[in-house]
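Those sequence lines, one after another, are chains A and B. Heads up, the first sequence is in our numbering, so the first residue is 1 and it goes up one at a time. Heads up, the second sequence is in our numbering, so the first residue is 1 and it goes up one at a time.
Everything labelled a hint here was simulated from the structure, so no lab data went into it. Be aware that one or more of the hints could be misleading.
As the list claims (entries may be wrong) - Listed below are the simulated BS3-like cross-link pairs for lysine-lysine, each with C-alpha atoms no more than 27 Å apart in a straight line:
| id | chain 1 | residue 1 | chain 2 | residue 2 |
| --- | --- | --- | --- | --- |
| 1 | B | 71 | A | 137 |
| 2 | B | 8 | B | 220 |
| 3 | B | 155 | B | 206 |
| 4 | B | 155 | B | 134 |
| 5 | B | 220 | A | 114 |
| 6 | B | 220 | A | 145 |
| 7 | A | 114 | A | 137 |
| 8 | B | 220 | A | 85 |
| 9 | B | 71 | B | 206 |
| 10 | A | 36 | A | 145 |
| 11 | A | 145 | A | 114 |
| 12 | B | 71 | A | 85 |
| 13 | B | 8 | B | 71 |
| 14 | A | 145 | A | 70 |
| 15 | A | 137 | A | 168 |
As the list claims (entries may be wrong) - Below, a sample of chain A positions facing chain B; criterion: calculated Cβ distance under 7 Å:
| id | residue |
| --- | --- |
| 16 | 99 |
| 17 | 100 |
| 18 | 134 |
| 19 | 137 |
| 20 | 141 |
To be verified - Which chain A residues face chain B? A few, computed with CB under 8 Å, are given here:
| id | residue |
| --- | --- |
| 21 | 97 |
| 22 | 98 |
| 23 | 138 |
Given the structure is predicted, the values throughout are model-derived calculations rather than measurements. Quick reminder that beta carbons are idealized off the backbone N, C-alpha and C, glycines included.
Each chain, written out:
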Amino acid sequence: MDSTNEDLEGSKDEGQIIVLLIPDEEYSRRILKITKEIANVCDNLCYVSLNLPYAPLINNFKKEGIDISKFYVIDGITQTAEIAKNRDGVEYVSSPGALTELSLAISHLLETRKFEYIIFDSLSTLLVYEASPTVTKFVHSLMAKIRVVGCKAIFTCLKQDSSSVLLKDVNMFSDRILDAEYWGRKN
Amino acid sequence: MTEDERVKTGIPGVDEMIGGGLPRKNVTMISGPPGMGKSNFALQFIYQGAKVHNEPGVYLTVEDTPGNIRKYGAGFGWDLPKLEEEGKIAIVTQTIYGGLKKDRSKSDSNETLNDAIERINAKRIVLDSVTLFKYLFPNDVSRRINLLNFIDQVKEWGCTTLMTAEQHESGSNVSYLDEHFLADGLFQIFWSRHRDRHERCFRVVKLRGTDIMPDIRPFKIGSQGVIVYPTQIPLSLTED
Chain A
1 MDSTNEDLEG SKDEGQIIVL LIPDEEYSRR ILKITKEIAN VCDNLCYVSL
51 NLPYAPLINN FKKEGIDISK FYVIDGITQT AEIAKNRDGV EYVSSPGALT
101 ELSLAISHLL ETRKFEYIIF DSLSTLLVYE ASPTVTKFVH SLMAKIRVVG
151 CKAIFTCLKQ DSSSVLLKDV NMFSDRILDA EYWGRKN
Chain B
1 MTEDERVKTG IPGVDEMIGG GLPRKNVTMI SGPPGMGKSN FALQFIYQGA
51 KVHNEPGVYL TVEDTPGNIR KYGAGFGWDL PKLEEEGKIA IVTQTIYGGL
101 KKDRSKSDSN ETLNDAIERI NAKRIVLDSV TLFKYLFPND VSRRINLLNF
151 IDQVKEWGCT TLMTAEQHES GSNVSYLDEH FLADGLFQIF WSRHRDRHER
201 CFRVVKLRGT DIMPDIRPFK IGSQGVIVYP TQIPLSLTED
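Starting from the given sequences, assemble the full structure and let the hints guide the process.
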């Protein structure tokens, strides 16, 4: 097992919070691979999607052979395009930039659903909607809540944002910042 | 202050910010701009008091009809008429064009606030709102005297009181109104705007005899009423 893969294994076992840097041009494919890897060893997961609306996200999961029954989705994007109808397994947040609403939704679900793992997709999208200090405050607060409930988490980020101020700050709050490039190629 | 000396507001999150509840027999004001949810806070205080804490309450409205108050409650799933029938809630209306009367839904009676308090042995009172209440009196001196008399009276009745007040300023640039200084406690609610979004925010400005949490916190008006989030930072207030 390569070192990055060992780190991912570690994140599954040790309650770690990891920021995963994913190459820009391969982001969609790799996030699916990583999600599948985690879903293979966890039964109760939360996927925070700020990039894909619920329906195409779930379609992608199905195509990849991911067991969607293991997931509860927080969808921060659908409501920017349409008024979403309530359905099981998903909670809608009005916008990726609605950080207080997003934080409250995640906090509530952390308390009530006892997730083993959260996949947060992605920090880079937050930076599209909000200035770095606001995103930093949000991530700091969210990571603290995740630690309090003993959950594990991966926050994905485009590799091109690895030199951003946000990543420098998040380095303090997270357990590790990992480059997923090698892991992605190998898998 | 012991737990018995605290009155649970029935608004999730608020009691955690004020040491467990409002000091018994205190008069607290909640102020904010129109449409913020002041009446929702006040009605929830009365409903939860009667429903959960076995404390009957009188809702005195100066600007709305009892029928509308019942509809607002029904919107949150609160069966106010049932509690009225059980003698746990009374809705008294005092319009600026008429005298005190109580609406029992079937027919208006001439029951006064005082009578309603005695009849249901009220422990809680809401005055919604002080802003219009003032217009019942011809000048500032008379308004202030009558408001002070009202506050003294509700304390004599042994009731814990929540009053609503219009406040057009928002955020931290608040100019305080006369009535803010008369009340024992002051809650402020306001909109926080950040770019294209607005968030509802709640703040405890003062509460005599209580070590308050003075930080600004977000609140929501959900399907079951008002919820304040004492552990959530309102991220709209973060400066870029």
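For each hint, the structure was consulted:
{"no.": "1", "hint": "71/B - 137/A", "in the structure": "40 Å, violated"}
{"no.": "2", "hint": "8/B - 220/B", "in the structure": "19 Å, holds"}
{"no.": "3", "hint": "155/B - 206/B", "in the structure": "18 Å, holds"}
{"no.": "4", "hint": "155/B - 134/B", "in the structure": "19 Å, holds"}
{"no.": "5", "hint": "220/B - 114/A", "in the structure": "23 Å, holds"}
{"no.": "6", "hint": "220/B - 145/A", "in the structure": "20 Å, holds"}
{"no.": "7", "hint": "114/A - 137/A", "in the structure": "24 Å, holds"}
{"no.": "8", "hint": "220/B - 85/A", "in the structure": "20 Å, holds"}
{"no.": "9", "hint": "71/B - 206/B", "in the structure": "32 Å, violated"}
{"no.": "10", "hint": "36/A - 145/A", "in the structure": "25 Å, holds"}
{"no.": "11", "hint": "145/A - 114/A", "in the structure": "12 Å, holds"}
{"no.": "12", "hint": "71/B - 85/A", "in the structure": "25 Å, holds"}
{"no.": "13", "hint": "8/B - 71/B", "in the structure": "24 Å, holds"}
{"no.": "14", "hint": "145/A - 70/A", "in the structure": "21 Å, holds"}
{"no.": "15", "hint": "137/A - 168/A", "in the structure": "13 Å, holds"}
{"no.": "16", "hint": "99", "in the structure": "4 Å, holds"}
{"no.": "17", "hint": "100", "in the structure": "5 Å, holds"}
{"no.": "18", "hint": "134", "in the structure": "4 Å, holds"}
{"no.": "19", "hint": "137", "in the structure": "5 Å, holds"}
{"no.": "20", "hint": "141", "in the structure": "6 Å, holds"}
{"no.": "21", "hint": "97", "in the structure": "7 Å, holds"}
{"no.": "22", "hint": "98", "in the structure": "6 Å, holds"}
{"no.": "23", "hint": "138", "in the structure": "6 Å, holds"}
When the structure is compared with the earlier hints, violations turn up for hints 1, 9 and for no others.
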